[in-house]
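S.K.: With chain F's structure known, arrange chains R and X on it following the hints.
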Amino acid sequence: MTKTIAGASARRLYTSVAAFALTTFAASQASAAEELNALVWCDHTDPALIEPFEQANDVKVNLKEYEGTGAGLSILEQSRPGDWDVMVIDAVDVHRVIDMGLLGEMPADALPSADIFPELRMEANNTKDGKTYAVTEKFGYNTISYDKTKVDPKDMEDLSVIWSDKYKGRIALYDYYLPMIGLVQLGLGKKTADLSEADMPAIEEKLSAMKTVSKQVSDVVSSQTALATGEVDILVGGGEWITASLAKDKPDLDWIVPKQGAMRWAQSIGVMKDSQKPDLALKFVQYILSPEGQARLATSSCYWGMPANQKAGEHLGDDQKKALRWDDQDGYLKNTQLYPIPSAELDQKMQDAWTNMMQQ
Amino acid sequence: MSTASLEQSERRKAWGFVAPALLWTVAFFVLPFLYMAAMSLWSRQGREIVRVWNLDNYVRFFTESALLRGLTNSLEITLTVTVLSVLLAYPLAWIIAERVPKRWQRMALILAILPFWTSYVVRSYSWLLVLSKGGVINQALTGIGLIAEPLEIASNRTATIIGFVHFFVMLLTLTIYSNLIQLSPNYRRAAADLGANAFQTFWHIVLPLTLPGIMTGAFLTFVLCIGDYITPQILGGNNELVLPQIIMLQIGRRADFPMAAALSIILMLAVTAAYALCARWLKIERA
Amino acid sequence: MTTEIQARAPASLFRRSSLQPALVSVLSWLYLIVIYAFIFLPVAVLVLFSFQDGRLPVPPFNGFSLQWYETVFADRKLMAALTNSFLVAILSSILACLLGFLAAYALARYRLPGSALQRGLLIAPMTVSYLIIALGMLAMLNTLRIPLSLWTVGIGHVVINLPLCFAIIYASMGDHHINIERAARDLGANDFKVMALVTAPMLMPSILAAFFLSVTFSWDEFIIAFLLSRFDVTLPVEIWSMLRSGLNPKTNAVGSLVFLVSVAVLLVLELALFGRSRKP
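Residue numbers (our numbering), protein chains in the order written: chain F, 1 to 360; chain R, 1001 to 1287; chain X, 2001 to 2280.
Quick caveat, the hints were computed from the structure, so don't treat them as lab data. Hints should not be assumed to be uniformly reliable.
Simulated pairs of lysine to any residue, SDA-like, Cα-Cα distance not exceeding 20 Å [what the hints assert, rightly or not]: (1) F:248 x F:301; (2) R:1013 x X:2118; (3) X:2077 x F:35; (4) X:2077 x X:2244; (5) F:60 x X:2077; (6) F:166 x F:213; (7) X:2077 x F:34; (8) F:166 x R:1150; (9) F:277 x F:34; (10) R:1013 x X:2110; (11) F:211 x R:1069; (12) F:168 x F:230; (13) F:154 x F:186; (14) F:206 x F:188; (15) F:349 x R:1046; (16) F:250 x X:2063; (17) F:273 x F:80; (18) F:191 x F:331; (19) F:250 x R:1139; (20) R:1013 x X:2114; (21) F:64 x R:1248; (22) F:128 x F:95; (23) X:2077 x X:2230; (24) X:2193 x R:1012; (25) F:277 x X:2147; (26) F:168 x R:1157; (27) R:1102 x X:2031.
To list a few chain F residues with every Cβ distance to chain R over 10 Å, as calculated [unchecked claim]: (28) 114; (29) 129; (30) 282; (31) 310; (32) 328.
Virtual Cβ for every residue (Gly too), placed ideally from N, Cα, C.
Chain F with its partners taken away, still in its complex shape:
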């Protein structure tokens, strides 16, 4: 008897749950007006950045985040034409997407090119045959972050510290092979632009030495955790993008561009060629590049970074500018180099070298 009651009540439970589920699902489907699909780095997922655009244009922006160009291209390869409207990608890799025939042309006069820091316009990367396919939106540095109370800041001025024994077991390596291999190249006294297969043996040797003296190889959050908990005192590959958001709680964290220089990262944003909503997509790009959008992007929750548009400065507070080191940019820009741009074969070699290092 109790069992039939249990059965009946269970059936009621099922039906009511199913009804609830269906209505919620229907509701979630109905609310979407127009949608824009964007493939981005995680800094674009901050609601403080996206919501103003959504409200102003009555549109829902669907965001898919990725980390590292390889991951982004991997997603593109698995997608159908028209799946994506906007893409954010490392500026040095824009040509890879152009060559895949996936990026669309943008009218140059629709973009605030004149307001962008001259060093960041990067026409060689963002344009092809005189056509503009992408525009730089944010930049920063992969260099050395450290706890200034635990290490001698003087030691950080020389890149060779990353493979020396002095701080053995107290170093974390940022898990992104491109800037890291670039840093090694700089440490070896060479330019990233010249990086070729011939440089790889020397680089691999140094990577191996770095692995030996390091404590861990980690992504953004593990790196932050490690620095914040004192698990490590140095993060190779870090910079303002990893320490700026921790500045309030960990004022002892600092970063430096060593005398050999450091890597400069720059992100570009562009409209996909097969987008069904090219106008809306362009509008989104324009919003991201507007002074307001740029200020929000620079201080987005995932990671901070310098805005490419100089006019963003008007919308940033003094403490924000200080954390971004707004006034020191001239010096940094002079002494930093872009990521290496490998061929497919060299890229594979670099990834293998990185995996081998981790597995050592």
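M.R.: Using the frame of chain F, we list chains R and X on its own:
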């Protein structure tokens, strides 16, 4: 209606009931798996997937030490975890079943598996906070002066193993306990009447009878542990990679599906080998 | 009956020494304390630092604050992920239970050719890593150009939960139920009526057990949900991307919330459903 045609229509009906489940399994499990197995024989060259049958991926696996190490790391970690978890969970299950008063047993068991309901991802992350240099354990141990230097227990294999063992002790306690309470008390009574002491009774009666439960649990542990990506990724500090991490690298960084498929087949073979070893204890039976 | 054994066992087992039981008892309690401490350590730390006043969920504990819980409830993405997880878990578990029940009924009540093989096939996904299931589906969906969505995640979750539901329900379909079903059939009920009005209610405890177990698994499943979803993600995937974007007591807060809510649901179920059916 003749009995033959009655049987036939009955059978048709039965097929109708079992068909949806079978079709689902075939469509979304068997076919994708076969497709993946076929894919493991293609290869990715540059930016293209070349659909020519070859064994390149498997050859690479056995010749590149970084890839092969992935398998040995996985096996070492998984076996350590399985053995440690059984050794820790068995006494717990035994104490709950034998020492804890009957009316508190259910409570004790629920308590033992309660953290199971924290999110898996969050659980690994909180172990990171517990184990790190500035974490709770090291702060406590240095605080009471037990150790001078913080222990190196985060971002390495130790951390991965601790995170795994924590999860599987809960799982194994459950399976071993349910096995222990099914034992008829008559066996033990008989053993005692024959003059066996507690240890002899346990060793000759209880342990052999609970072996199927242990093996089922151990096999489950093996399968779940060797295929897991989260725990080594969060706790291992990338100081070594296990097979699932390498598989995710293939898809995530270069969309090399053929290589990922080949590595998955190898992972699958490891599980099959474990299954073959435990098979005689694994059955599903109707009550 | 049980008290009788407990009364007898120590007397005969430990006849030789009276110290032994005391020692075993002390060791048992000691072991219980240590192992429970190990089991609860990460949860305790998680909950404690969800109240951290400050940005870092690590010692020292700066003071008590609810700010991170507020940010969790204000986080639109997190709330959407919560709803998604709930939908996927409930719907996929219902489907898994339904398919599992039908299959178990057919295989337990009818003699079908190759039934051992069929059982093996239905159980097979249980012995394969989730990662492999996810990869296979991803590769196939890509090739067929089927876009990823919550639906594909749900399909994957049915694949992993179907074996579980089938095994649990099949195992509880004892032959002693057959007579009751036969009686119902003799009274003119067709198969569906028998199943819905006789078999299912009789098996309700194990059907519910299968259902809640698969809800639990689906709710907490990461790798399938990660690889087979696109914009709308489930809670574990959202927590994962939160983790990747920085160290934050918010992660602790959402983890604690999920834990507390699950435990509350568990206790309610324990008291309402399973508590009643427990034999005296």
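S.K.: Each hint should be assessed against the structure and marked as holding or not.
M.R.: Now for the hints, and whether the structure bears them out:
1. F:248 x F:301: Roughly 14 Å separates the two Cα atoms, so the pair holds.
2. R:1013 x X:2118: 16 Å, holds
3. X:2077 x F:35: Holds. Residue 2077 (chain X) to residue 35 (chain F) sits at ~16 Å (cutoff 20 Å).
4. X:2077 x X:2244: 15 Å, holds
5. F:60 x X:2077: 13 Å, holds
6. F:166 x F:213: 9 Å, holds
7. X:2077 x F:34: 18 Å, holds
8. F:166 x R:1150: 19 Å, holds
9. F:277 x F:34: Judged against 20 Å, a Cα distance of about 10 Å means the pair holds.
10. R:1013 x X:2110: 9 Å, holds
11. F:211 x R:1069: 16 Å, holds
12. F:168 x F:230: Judged against 20 Å, a Cα distance of about 14 Å means the pair holds.
13. F:154 x F:186: With Cα atoms ~18 Å apart, residue 154 (chain F) and residue 186 (chain F) stay inside 20 Å; holds.
14. F:206 x F:188: 9 Å, holds
15. F:349 x R:1046: With a Cα-Cα distance of about 11 Å, the restraint between residue 349 (chain F) and residue 1046 (chain R) holds, given a limit of 20 Å.
16. F:250 x X:2063: Holds. Residue 250 (chain F) to residue 2063 (chain X) sits at ~17 Å (cutoff 20 Å).
17. F:273 x F:80: Between residue 273 (chain F) and residue 80 (chain F) the Cα gap is close to 12 Å, so the pair holds against 20 Å.
18. F:191 x F:331: The given pair, whose Cα atoms are some 18 Å apart, holds under the 20 Å limit.
19. F:250 x R:1139: Holds - the C-alpha atoms of residue 1139 (chain R) and residue 250 (chain F) are around 18 Å apart, at most 20 Å.
20. R:1013 x X:2114: 16 Å, holds
21. F:64 x R:1248: 17 Å, holds
22. F:128 x F:95: 8 Å, holds
23. X:2077 x X:2230: 14 Å, holds
24. X:2193 x R:1012: 18 Å, holds
25. F:277 x X:2147: This hinted pair holds, its Cα atoms lying about 19 Å apart.
26. F:168 x R:1157: 18 Å, holds
27. R:1102 x X:2031: 19 Å, holds
28. 114: 36 Å, holds
29. 129: 21 Å, holds
30. 282: Holds: least Cβ distance 28 Å, greater than 10 Å.
31. 310: Since the minimum Cβ distance to chain R is about 34 Å, residue 310 (chain F) lies beyond 10 Å and the statement holds.
32. 328: The claim holds: residue 328 (chain F) sits with its nearest Cβ about 30 Å from chain R, beyond 10 Å.
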